[in-house]
Amino acid sequence: MTNSASQHSSRIAILGAGLLGRLSAWQLLEAGQQVSLYEAGSFEQSPSAARTAAAMISPLSEVVASEREIYNLGLRSLQIWPEWIQSLNKALPDHPPVQYDATGSVVVAHPQDRTELQQFHRDLEGKLGSKQNSKPLNQSQITKLEPALAHFNEGLYLPDEAYLDNRQLLDNLLQRIRTLGGKCHEHTPIELDDLANNKTIDADTILDCRGMGAKKETSQPLRGVRGEVMWVECPEVKLTHPVRLMHPRYKLYVVPKGNDRYIIGATEIESEDLSNISLQSSMELSSALYTLNPAFAEARIIETDVNLRPAFMDNLPHTAEYKIGDTNVIQINGLYRHGYLLAPAVLEQTLNKFSKTETTHDQLS
Amino acid sequence: MGNFTLYGETFNSRFLLGTALYPSPQIMRDAITASECDIVTLGLRRQNPSEQDGAAIWDFIKDSGCKLLPNTAGCKSAKEAITLAEMSREIFDTEWIKLEVIGDDYNLQPDPYGLIEAAAELIKKGFKVLPYTTDDLIVAQKLLDAGCEVIMPWGAPIGTGQGLMNKYNLRTLRERLPDTPLIIDAGLGAPSQAAEAMEMGFDGVLLNTAVAKAQTPPQMAKAFAQAIDAGRNAFEAGLMVQKETASPSTPVIGQPFWHSK
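Line by line, the protein sequences are chains A and B. Quick note on numbering: the working numbering labels position 363 of the first sequence as 363, and the sequence is numbered without any gaps. Quick note on numbering: the working numbering labels position 116 of the second sequence as 1116, and the sequence is numbered without any gaps.
Keep in mind the hints are simulated off the structure, nothing from the lab. Some hints could be false.
Just the calculated beta-carbon pair ranges, DEER-fashion [said to hold, decoys possible]:
#1 B:T1172 / A:Q139: 37 to 47 Å
#2 B:K1079 / A:E191: 38 to 48 Å
#3 A:P294 / B:G1238: 56 to 66 Å
#4 B:Q1141 / A:P221: 41 to 51 Å
#5 A:P235 / B:G1126: 56 to 66 Å
#6 B:K1167 / A:G126: 48 to 58 Å
#7 A:A295 / B:N1012: 54 to 64 Å
#8 B:T1172 / A:Q132: 26 to 36 Å
A few chain A positions that, by computed beta-carbon distances, are all more than 12 Å from chain B [as the list claims (entries may be wrong)]:
#9 Q79
#10 P136
#11 R178
Quantities reported herein were computed from a predicted structural model and do not represent experimental measurements. Just so it is clear, CB atoms sit at the ideal spot from N, CA and C, and this is done for glycine as well.
Put together the whole structure using the sequences plus the hints.
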């Protein structure tokens, strides 16, 4: 990613065309490298979790159930995303632009669950100190921010949160990668073990972004955490911010996706089962939506989706670097439920390191 | 401290810890280590157990070295709980089961009828049943009649952190079932509440949320472990009886008489 890297262009193979794979292919091509992108599935119907995700960039909400590192990386991503999306949209004037909205998110709870809201606020303060800028909301403030939630009398506003149109992003990234001359190979599963035996890829560096596809080849145990989401269309209800509903057992969110569409998610089940959404989960998601606003009863369910979040046991992202013969291998994995929150910040770190490896052959941990 | 024996097996720790709701599996394992517990509970309910889909996390819990106590969390009928118990026995290779049959979806209150029915059936099938129940004496007696050797009454509904809500009922249970191991399961939020339960003579404490939802779960696990030890020691040592009037712990013999009333 640095200028020094582009002085001599190197051949980079990227495994996996999910969010990390596409973003890094695009960034490396823009920096003048030669990139080949390999995807086990198809590009349009990619099995990647990136397509299933709601694509929130929500460092405040996520820090409550994770570690400070997630928050710090998330804040960095909040800075990078608008720049990247602006430059991508500019490069593709004939394509529908990727929408990016950074007007913050709203957290609400029903009166009987108000202690969940208090706990959420306490955990935010506990993790980040009093200088985090969440704002308690009363009923009239909620009404002003989100008229469809007027019946809630207590909530929180989290200003430093954003969301983006991930499906448009994934499509546009692929388009841009092709325009920049990236070689795209779909239905081409690659395993590192095969490479060690017979060299099927001719590359100086392999960037492994396969997520769950790398399960057998990561340096520490990787597991999948099942998530189920539902897409609905509902012209009667207008929400303009991502909304989180606090509940003793479910932490569910609704994210507006344009054209009166909303994504509701997501369950979190310690299982690698990829079968269809269960009735219980669909009832939990639907009833959460219904209690946000009863007019959602007339929503049409247009899609349900199930996928696995690739996670290490500490639920934190990890990068591993090593060599197979003369080829550098960099593995990035374990973004868990934080793909869009972490991807730009994690890639920035990795690609910086990576260009150093390219030019100086430093051994980096 | 005296022995803690359940179904003929003796344990060092009187603390049983749940494995759900932690920020990450690693933090869960750190909490187990800090708690020094010997028994951990885990649930199959929302996986697809026949396909072993949760194997990675189960192996990670097994590696803690603790005895596994599978539960039937989330089951709403005896039939459902029995089916899940049988799957658990197969997958985890243990006859031990923490039996939960939930009667109310909102506060997760146990359904005593379904519980007794499931317990009787499971004991016939050779299970060692540890039933999660309310603090009702009659339900506890029926569970013992069904063949349970351990009773696990709630302190308060699951996840509320309210502590010992009905001390009268709990005291009655303890007094009327002096030889049955009684473990307070659910509803505890603070180590002081766990210490209080142990001071009352309960044999152990099972909890999950209060540790998992703490800002530093391993530290909270340690706090509970210390409280449970303290409470047990206090119970064994024999608590003094509370009195209405003050009695100085320093002898007054040296004081001049005219200072006394």
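Quick rundown of the hints versus the structure:
no.	hint	verdict
1	B:T1172 / A:Q139: 37 to 47 Å	holds (45 Å)
2	B:K1079 / A:E191: 38 to 48 Å	holds (44 Å)
3	A:P294 / B:G1238: 56 to 66 Å	holds (59 Å)
4	B:Q1141 / A:P221: 41 to 51 Å	holds (46 Å)
5	A:P235 / B:G1126: 56 to 66 Å	holds (58 Å)
6	B:K1167 / A:G126: 48 to 58 Å	violated (31 Å)
7	A:A295 / B:N1012: 54 to 64 Å	holds (57 Å)
8	B:T1172 / A:Q132: 26 to 36 Å	violated (47 Å)
9	Q79	holds (25 Å)
10	P136	holds (20 Å)
11	R178	holds (36 Å)
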